[in-house]
Amino acid sequence: MRQAPVNRIAEDAVKAWKITGAIFAGVLWLITIGLFIVSYLLEFTYWIGAVGILISVLCSYLFVFLLPILRWRRWRYEVFEQEIYIQHGILIVSRTLVPMIRVQHVDTKQGPILKKYKLASVQISTAATTHEIPALLEEDASELRDRISTLARVDEDDV
Amino acid sequence: MFKAKRLHPAAILFNLIKTVREFLFAIILGFISFRDESMFYFLLITAGFLVLFIITSILTWYRYTYRVEDDELRIEYGVFIRKKRFISKNRIQSIDLTSGVIHRIFGLTKVQIETAGTGTGAEASLSAVKMAEGEALREELKTGGAQQVDNTDTADEHPEQTNPSQTISFKRLFIAGTTSGSVGVILALAVAGFSELEEFIPNSFYDNTLEWVIGLGIVILIVMAIGVLILLWLLGIAGTMIKNGNFTITKNHNELFITRGLLEKKQITIPLKRIQAVGIQESIIRQPLGFVTVYAEVAGGSMDKGEDFSSTLFPIMKREEVEPFLEIFLPDYGGIQQELTPLPKRARKFYIFRASIIFLILTAVVGFWNPSFIWMPLVLLVGSMILGVMRHRDGGFHQHGEQLTIRHRSFSRNTIMMYHKRIQAFEKKQHKIQSQQKLATMRLSIIGSMGTGTHFAIKDLEESLTDELGDWYSYRS
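Chain order of the listed sequences is L and C.
Under our numbering, the first residue of the first sequence is numbered 1, with each subsequent residue one higher.
Under our numbering, the first residue of the second sequence is numbered 160, with each subsequent residue one higher.
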């Protein structure tokens, strides 16, 4: 728990997150534009729109430029024979231990944005929790999935 | 039991009640909004729906058959789409019998069968069968065979220590009721109910009453208010007594068997190996009196089992009675409780801050807009700060061998005892200020009753101790 896990996730993760952030920011901008149109048509005050711009600018900066990089820097993982060790979180750093014998199943997941960069995320589920290692290179992800699933088969404990 | 059987016809009634209850909100809403002109049509439509419900209920009942065959419980059901569900005998984790008031009038019971699955409902639920039939079914489906059931049924007549059993005494039940704290809930309900009722009381009557009440003067008003409170309190006691009356816990082999309820009789089975953690809860009212509730976190139960997602093992007992109780019923958890390592002193400010921040803002806002009412948020602010101090004082843990005990408070103080092998994941969380102060939050996850997991967090532990616990949990060391 004292040392951080050693492995980083794929560098392209930043790009993928930036796109996701951009889509989110785009929606905000659309809403802002919508607000202006509505204000214009109904002759409202433009204050609401101005607040909208402020929020959009702030969110664009946060979600497209700042947070993806910070998030990537923090994200680390390490897979041992007996357990999986994950670190993530920007403001609140969280380090999680998941014992192999508690792992119920492992999934790999890939949305369109991750696919574009040949990335995939690995989801590890126990009977009580789900943990995700996001944005690994495709081959790393499937290799990791197979490895965890082999290691997880070690013990059959009662539920 | 090879012949396919139908449920008792009363199942139609239960089915109907269930459907109507689901639509009750819509009906009430409709009743209120169509009160005037289109009442007739509304009633017509409602009646139409009711007929529909009755027909579907009858069909559902007619189509629902069950039988025990080849060591399986086989249920066939479905009106339009015919469905079959086969549950293998050795997959069954528990069989619960519940008899509601209507059930008891007809001498029936509801059988709920659960497997290890993590669904929200029971795996199979026979809404109404004859009591004897239900018990026979339970006997039939139990893998362990008939002798277990025999033991529970005759436990009272044979005082041998083979099946330890403990029943709540009337006095304790009464104390449980008086300290249940349900007064507040009932009060809220009463207020809400009254404001709805107001609509239907004619204005003149209302005004007259109000005049009359004001005429009575302040003293009588206070007396009446106290009277209402006492009434609500008594209702709370009655509620607890009805719910927990005859609470009996029996242990046989590797199961706990719980019966409770005066009107609605519930029988619950908890397999010992499914218990993930055992907790001791001390509510704010009960703690000074030295009374506690013992409960268990059980994996993979269903929603119907308990209102707070965990099963009560005993509703009320003295704190010092917990140890002997655990020794008898859950020897694995006996003797776990020790003196806990408290939270570091410098964590206190975080606790006070977290508990009071909302009220601090509230106080500032009220102070700014309406200074004459500032005493209201101030009282809350002081209260929340005290709560923060209490939370800090009560937080702690003790780790010994494979056992871990943690204690925390939201309102009630909870002491939770668990084993290393029951913990599914361990998490250490830290924000900037915490890491500067060398504090960390620890979060433990165990299997919960809903398949979602139950999580316990102890905030602001000494960081080095959190790391030590992490090492203890780690399978590498």
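Mixed in with the good hints there might be a few duds.
Between beta-carbon pairs, the in silico distance windows are [what the hints assert, rightly or not]: (1) C:545 with L:6: 57 to 63 Å; (2) C:552 with L:139: 51 to 57 Å; (3) C:539 with L:139: 35 to 41 Å; (4) L:30 with C:545: 44 to 50 Å.
Which stretches of chain L does chain C cover? Using the computed rule of at least three CB atoms under 8 Å from a CB of chain C, they are [stated by the list, open to error]: (5) 7–20; (6) 37–49; (7) 122–130.
Cross-link-like lysine-lysine pairs, in silico, DSS-like; alpha carbons within 30 Å at most [unchecked claim]: (8) L:116 with L:18; (9) C:591 with L:18; (10) C:477 with L:109; (11) C:177 with L:18.
Because the hints were derived from the structure by calculation, they are not lab data.
Here a beta-carbon is modelled for each residue, glycine too, at the ideal position from N, C-alpha and C.
Here is how each hint holds up against the structure:
1. One distance hint, 57 to 63 Å for the beta-carbon pair residue 545 (chain C) and residue 6 (chain L), is violated here, with the actual separation near 45 Å.
2. Checking the proposed 51 to 57 Å range against residue 552 (chain C) and residue 139 (chain L) shows it holds: the Cβ atoms sit about 53 Å from each other.
3. At roughly 57 Å, the beta carbons of residue 539 (chain C) and residue 139 (chain L) sit outside the given window of 35 to 41 Å.
4. A C-beta distance of roughly 48 Å is found between residue 30 (chain L) and residue 545 (chain C), which places it inside the suggested range of 44 to 50 Å.
5. For the stretch 7–20 of chain L, the stated coverage by chain C is violated: 0 residues have a C-beta nearer than 8 Å to a C-beta of that chain, whereas at least 3 were required.
6. Figure legend: the stretch 37–49 of chain L, annotated as covered by chain C; annotation inconsistent (0 residues with Cβ-Cβ distances under 8 Å, at least 3 required).
7. Judged by the Cβ-Cβ criterion of 8 Å, the stretch 122–130 of chain L is covered by chain C as claimed, because 4 of its residues qualify and three suffice.
8. With a C-alpha separation of about 13 Å, the suggested pairing of residue 116 (chain L) with residue 18 (chain L) holds against the 30 Å cut-off.
9. Distance hint between residue 591 (chain C) and residue 18 (chain L) is fulfilled; the C-alpha atoms sit about 25 Å from each other, no more than 30 Å.
10. Of the pairs offered as hints, the one joining residue 477 (chain C) and residue 109 (chain L) is violated, with about 52 Å between alpha carbons and a cut-off of 30 Å exceeded.
11. Between residue 177 (chain C) and residue 18 (chain L) the alpha-carbon distance is near 50 Å, which puts this suggested pair outside the 30 Å criterion.
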